[in-house]
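Keeping their order, the protein sequence lines are chains A and B.
In terms of my numbering, the first sequence is residues 14 to 341.
In terms of my numbering, the second sequence is residues 14 to 341.
Heads up, some of the hints might be wrong.
Here are some chain B residues the structure puts well away from chain A; computed CB gaps all over 12 Å [stated by the list, open to error]:
(1) D59
(2) E66
(3) A71
(4) P76
(5) D77
(6) A101
(7) K106
(8) P120
(9) N149
(10) A177
(11) A239
(12) A267
(13) D268
(14) E276
(15) T306
(16) K310
Capping the alpha-carbon separation at 20 Å, the derived lysine to aspartate or glutamate pairs in EDC-like fashion look like this [claimed, not checked]:
(17) K106/B with D168/B
(18) K148/B with D168/A
(19) K42/A with E98/A
(20) K310/B with D174/A
(21) K296/B with D174/A
(22) K338/B with D168/A
(23) K145/B with D174/A
Since the hints were derived computationally from the structure, they do not count as laboratory data.
Glycine included, every Cβ here is placed at the ideal spot set by N, Cα and C.
Protein chains: 2
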Amino acid sequence: MKKVAIGVDIGGTNTAIGIVDDLGNVILKDNIATPTDGDVDRYVDDLSIAIHELINSAKLVNPDLNVLGIGIGAPNGNYYAGTIEYAANLAFKGIVPLVKLLKVKFPELQAIALTNDANAAAIGEMIYGGAKGMKNFVMFTLGTGVGSGIVVNGDLVYGSDGFAGECGHTTLFPEGRLCGCGLRGHMEAYCSAPGMKRTAFELLVKYNATNSLLANKSFNELDSKAIFEAAEKGDQIANEVFELTGKWLGISFADTAHHLSPEAIFMFGGPTAAGDYIFKPTKESMEQNLLTTFKNKIKILPSQLKPGDAPIVGASALVYKEIEKSNI
Amino acid sequence: MKKVAIGVDIGGTNTAIGIVDDLGNVILKDNIATPTDGDVDRYVDDLSIAIHELINSAKLVNPDLNVLGIGIGAPNGNYYAGTIEYAANLAFKGIVPLVKLLKVKFPELQAIALTNDANAAAIGEMIYGGAKGMKNFVMFTLGTGVGSGIVVNGDLVYGSDGFAGECGHTTLFPEGRLCGCGLRGHMEAYCSAPGMKRTAFELLVKYNATNSLLANKSFNELDSKAIFEAAEKGDQIANEVFELTGKWLGISFADTAHHLSPEAIFMFGGPTAAGDYIFKPTKESMEQNLLTTFKNKIKILPSQLKPGDAPIVGASALVYKEIEKSNI
């Protein structure tokens, strides 16, 4: 029997579904629309049909498939309750008991579980990726926002209410930049992809850098990829964006390290494609900001999950943690 | 049989030893000098003799005493290794394998364990104090420095190397005040007792407040107790010190909450004697700095451990956690 797990990644407009083997490879995938009218019942019907069809298709190729369960990554996913709660970028109103609704549709499955996407990514890293065998690590996902998932003693930290691991919303500069959450000075406002863009424009202003490659794009056009390309061409503003972003990530990572003393901190997401441009200043800054006891111990590593499939793969990994727990 | 545990609190000049009953009461205690010449062997001899004598004295009163083990709180205590490592305010050189040395002296005891004092305080709160029954909480000890102990899923977080829980050394203001550790801007430099004194002098300077009750004491004389007394008399500078300290504690607590989503955050130590002067602005600031998901959920509570005995009581609680683990 070939063991597989279903991974579901719920985004604002699109829900990605994949069948993932026990090495973290997506062997078959599909997409359905995430409803914009907030109709939960129809969505659960659509999702169940899509999952059943995907399993049937996969069984045509390999009839010996053992589907272990369904793992779901969703914004504001509450692991304990199996619910999506007041997610700002989804049309569902209030609290959606998604796990309960899916259990009715898939009574035969061992495990159905849900968490937020960054927590799912952390579990994916632990089950299939670079954190295999690690008991204490933290995952940071850099994108439109900054998400995080914390693993302590081999288990994801959900905290008292299921929502732990919001390190993107720790304060870097009190009274600083406005964050997407409405509060100020959070590291997400500095170290996310849009944060890097804001830093680029701050530097253009500071130096009146009309000669920079970044000076010819509008505030809405510029993205972290363009900053990386400019840095590679030797653009000083672009290079300073990476230096500053790394400096700020390093301060933030040191704070997280002083809480948790992790073995490694993983970075995932668009900005990490810049490699040493981002990893080197981050590592240097973190080391500068660590207590002596912690220096030269904590690795900063790129995620080993494949960028495109990572949300599905991460979500599917939840299934293995659930089964592990139910076997204790 | 009356169950008791030995608590040992190792300080720079003095080591306090106590026999603690299962309700957290110290039933007998003693002190020995912590050597200033760094002689570990003599210290272990002295400590063992003192513990044996204390047990014998206690047994004269109650022959039915069941001594479960020894718990030790020490600066730079490494729980995993049972060692004290490069503690700046102790005369011992390098790494001292204290648990191993004591196990030779007390082969009959079920558990001998060691951690740092703030971690010991957190375990004390969980076993005997206000955190009974809580699975996720954080303890902050405010004194000369700011220590912390983190509990996740009912267990203390030691991290990958045994040193987790140094929240006092997270950055509040990048490039800010010099911290005792040599780095800059840490919350300890703002929210410890000496941090409050520094804030008082900052405000005296800012307002040229010659009329303040705090204006007649030298930088070396002023302490958090005097600031509290001045605040009670209506001194504006003293009141603003508490407002600012609470504001900063609240930012810091929100950062910790965004990591861990605890049920409660406990505060212990001298400055907490000021009650609402410190708790009220801290609570307000934390709520202001929390994501909506976390608002109005997390309690900020005073420690229920008795101030004088807390280090001994906290250390003794380690014994119960060790026995719990060995029974799994």
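Against the structure, the hints:
Once the 12 Å rule is applied to beta carbons, D59/B is consistent with being away from chain A; the minimum gap is 27 Å. Every Cβ of chain A is farther than 12 Å from the Cβ of E66/B; the closest lies at roughly 35 Å, confirming the non-interface assignment. For A71/B, the requirement that its beta carbon stay farther than 12 Å from each beta carbon of chain A is met, with the minimum near 36 Å. The beta carbon of P76/B sits about 40 Å from the closest Cβ of chain A, which is more than 12 Å, so the claim that it is off the interface holds.
For D77/B, the condition that its CB be more than 12 Å from all CB atoms of chain A holds, with the nearest at approximately 37 Å. With a least CB separation of 9 Å from chain A, A101/B falls inside the 12 Å interface cut-off, contrary to its annotation. Look at K106/B: its CB is around 16 Å from the nearest CB on chain A, clear of 12 Å, so calling it non-interface holds up. For P120/B, the non-interface assignment is confirmed: its Cβ lies about 29 Å from the closest Cβ of chain A, beyond the 12 Å cut-off.
Not every CB of chain A lies more than 12 Å from the CB of N149/B, the least distance being 4 Å, so the non-interface label is violated. For A177/B, the non-interface assignment is contradicted: its Cβ lies about 4 Å from the closest Cβ of chain A, within the 12 Å cut-off. Listed as outside the interface, A239/B is consistent with that label: its C-beta sits roughly 27 Å from the nearest C-beta of chain A, beyond the 12 Å cut-off. Look at A267/B: its CB is around 7 Å from the nearest CB on chain A, not clear of 12 Å, so calling it non-interface is violated.
Its closest Cβ contact with chain A, about 4 Å, brings D268/B to no more than 12 Å, contrary to its assignment away from the interface. E276/B, annotated as away from the interface, has a beta carbon of chain A within 12 Å; the closest lies near 4 Å. The claim that T306/B lies off the interface is violated: its Cβ sits roughly 5 Å from the closest Cβ of chain A, which falls inside the 12 Å cut-off. With 12 Å as the threshold on Cβ separation, the claim that K310/B sits away from chain A is violated: the shortest Cβ distance comes to roughly 6 Å.
Simply put, K106/B and D168/B have alpha-carbon atoms about 30 Å apart, too far for the 20 Å limit, and the pair is violated. The straight-line distance between the Cα atoms of K148/B and D168/A is roughly 14 Å, inside the 20 Å bound, and the hint therefore holds. Pair hint K42/A plus E98/A does not hold up; C-alpha atoms about 26 Å apart against a cutoff of 20 Å. Restraint check for K310/B and D174/A: satisfied, since their Cα atoms lie roughly 9 Å apart, inside the 20 Å limit.
With a C-alpha separation of about 19 Å, the suggested pair K296/B and D174/A falls inside the 20 Å cut-off, and the hint holds. Restraint check: the Cα-Cα separation between K338/B and D168/A comes to about 17 Å, which is no more than 20 Å; the hinted pair holds. Our distance criterion of 20 Å between C-alpha atoms is met by K145/B and D174/A, whose separation comes to about 18 Å.
Hint check: violations occur at hints 6, 9, 10, 12, 13, 14, 15, 16, 17, 19; the rest are consistent with the structure.
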